[in-house]
Amino acid sequence: DVDFSPPESHADYEEVWEEDCEQYYDEYDHFDVSTEPDHSDHGEEWLDTPTPFDMTEEESLANLISVQKRLQKFSWTGGYEDLSPITLSFSSQQENLIEVQLENAFFRDSAALEGLAPCQNLETLKIAECQLTAANLRPLVYVTFPRLQVLEITDVRDIYYLDDHEDTTPPSNELTAIIRRTNGTLREIRLNLELHFYPNIIDTIAECCPNLKLLAASIKDDEQIPELLRLLSSCRQLESLIIHGYNSNFFTADYILPQIGAIVPETLRYLDLTNDEYTAAIESYAQEKELEVENLQVDYRDSGF
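Numbering follows my numbering, in which position 265 of the sequence shown is assigned residue number 265; successive positions increment by one, without gaps.
Among the hints, a few may not be true.
[Said to hold, decoys possible] Heads up, simulated DSBU-like pairs for lysine-lysine below, C-alpha to C-alpha not over 30 angstroms straight-line:
#1 K213 / K126
#2 K126 / K73
#3 K73 / K213
#4 K69 / K126
Keep in mind the hints are simulated off the structure, nothing from the lab.
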């Protein structure tokens with residue numbers, strides 16, 4: 001057991017912290033960190049660490065990560081803390097890390113994601129609501145993740161409308177480059193993004209991800225529907241397709257359903273349209289497709305028209 005009660009002196013505190021890191025916390029294989037923990041769930045492994053007075057919590061956790069021997073998974077859900085020290089420390093686990101999930105944070109150091117660059121065994125990367133900019137993803141543009149299968153990117157709504165400053169430039173070219181360099185390994189892509197700022201990203205997926213099994217994306221009828229149709233023609237192993245509007249920007253798109261139906265892969269088992277507005281006509285479409293494609297589940301929302 002480890003006693004987390006604060007020592008009497010600052011020096012003692014630092015000594016205990018260093019000892020705990022080296023002796024007790026060097027064999028974690030999964031960190032699940034939240035700045036608002038619910039300790040009532042004792043069934044879930046929880047890492048709650050002491051923090052030296054001259055360090056931020058993020059710097060302390062970065063030190064803890066650096067002494068691990070086999071850290072495979074790291075997940076963070078916070079309140080918009082600067083994760084730069086933490087992500088830079090990931091390079092110390094380059095042989096081990098297979099999954100990284102970061103949610104509700106930001107990166108003060110534009111090179112913070114360089115820590116992910118050497119992690120060649122990475123299989124899952126999720127970055128959600130982290131105010132991503134072009135500068136943030138630039139360190140990964142020339143990196144190949146040969147085992148990356150799951151990619152999820154969610155941006156903070158409307159941040160790119162604020163101004164044209166470099167600090168708020170969306171990482172369009174950078175994200176496109178990352179997808180291209182996966183060389184067909186991606187099986188699941190979730191992009192809760194304003195795709196207006198990511199031109200041709202769906203076409204890039206169609207070209208570079210022939211083995212894709214799940215796509216979730218914010219599709220608009222005026223811009224991305226033609227790209228979506230091309231993707232359905234290219235990604236013939238697709239099993240799940242989730243189409244949703246963005247920022248309450250719903251659209252009624254019954255007219256595209258026949259086009260989708262004509263080219264939908266036979267492998268498709270799940271079609272989710274619940275976040276879009278459709279008329280009741282979609283019900284007949286769903287019934288027809290269930291007859292044509294065995295075991296297809298279609299979820300949708302009737303607009304009431």
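* Are there hints from earlier that the structure breaks, and if so, what are their numbers? -> The structure breaks none of the hints.
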